[in-house]
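Build out the structure end to end from the sequences listed, making use of the hints.
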Amino acid sequence: MQASRKRRIALARSRRPKATIPTAGMADIAFLLLIFFMVIVSEPDHTRLDLPDSVIQDSVVEKAALVILLPGNSGGDVVFKFTDGVEQSRIVPDFAAIEAEAAALISREPGKIFKIKADGGISCGDIGRTFDALSHAGAARVLMVTRARDEERS
Amino acid sequence: MRRKRRRSGIDAEIKTSSTGDVAFLLIIFFMVTATFAVTKGLKLELPDTEKRDDNDGESSVLVEIVPDGSVRVDCQPMEIGRILDYLRPQLMRNPKKPVIIYAHESVEYRHMVRVYDSVVQAPSRGIPAPDILIPTPGIIEDYIAIFGFDPFENHCRGGRAS
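Taken in order, these protein sequences are the chains called A and B.
Every letter in the first sequence is one number past the one before it in the working numbering, and letter 12, counting from 1, is 12.
Take the position in the second sequence, starting the count at 1, then add 154; the result is the number in the working numbering.
Hints are computed from structural coordinates only; laboratory data are not their basis.
Given the structure is predicted, the values throughout are model-derived calculations rather than measurements.
Hints are supplied without guarantee of correctness; some may be wrong.
Said to hold, decoys possible - Facing chain B, a subset of chain A residues (Cβ under 8 Å, in silico): (1) 47; (2) 49; (3) 86; (4) 89; (5) 128; (6) 132; (7) 139; (8) 142.
For glycine and all other residues, C-beta sits at the position ideal for the given N, C-alpha and C.
Structure, rendered in structure tokens:
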């Protein structure tokens, strides 16, 4: 009697479908996705600058080209860097090189937006000459990269 | 039958059941920061070197930033916060009146950005968005080549714009 009862219980257990989801691979998929998003978040330029501040903050979501102006070590010089928004920024020698790079980029991607990321201490003369170089290259839209300023502190 | 005694010992295993939870939290974090990885700043339309705007000879408002960072509007010293108050009646009368922001060569970039930022806030104060012009060294050189003089040199005579 007991043996038959045990057999009936065992049979009932074997018929019951197992309601489990194997999750052993979930951690592997999660880490793969994590690495993917870590890679795409990477910025083409990590230059730290004392950016000028502004209340108005327009946004550029697309991968815009970037012209960076930072003060050189010797005080008077300005160091120029350029990136098309995809590759890491690299140093370029002068405004003519910026114009050449911008012109080449615009010939491939008309309507490209250019961001100017410059230290707040850079002279307006150098900024103006950067505008001239981009304008001669055919650029129409420029974003001056700034940091947010609280309006009450102005 | 002898029962084998279970050896008492330390379980040498690392619980990894929460690894997936931690990984998904990090994924969500990087997904959110990827969305926010946008560049912010002030948009500017560069002048078309081929095209010249015809503003029917409308005189413009000159906002000049001098080398020490102070601001003069139509040759009058003015605080940055007062510029829109000065522009309001003129722009309400004529929304197409150009506003020229001219910074001397040696002025620091941050001063020019502050003035530009102040002027582009006009729509938020109920003032028509002004047509802002920023003369670059190239534009000034072109002007000198055509007209033979620098329009921004000694333009204030007797404290009034000439």
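Going through the hints against the structure:
With a least beta-carbon distance of about 13 Å to chain B, the hint placing residue 47(A) at the interface is violated under the 8 Å criterion. Evaluation of the residue 49(A) hint against chain B yields a violated restraint, the C-beta minimum of about 10 Å exceeding 8 Å. Taking 8 Å as the C-beta cut-off, the interface hint given for residue 86(A) is violated, the closest approach to chain B being about 14 Å. Interface hint at residue 89(A): violated, since its Cβ lies 13 Å from the closest Cβ of chain B, which is beyond the 8 Å cut-off.
Given hint, residue 128(A) at the interface with chain B, holds; its Cβ is 4 Å from that chain's nearest Cβ, closer than 8 Å. Taking 8 Å as the C-beta cut-off, the interface hint given for residue 132(A) holds, the closest approach to chain B being about 4 Å. Because the closest C-beta pair between residue 139(A) and chain B is about 6 Å apart, less than 8 Å, the hint holds. The interface hint given for residue 142(A) is met, as the beta carbon of that residue sits about 5 Å from the closest beta carbon of chain B, less than 8 Å.
Of the numbered hints stated above, those contradicted by the structure are hints 1, 2, 3, 4, listed in ascending order.
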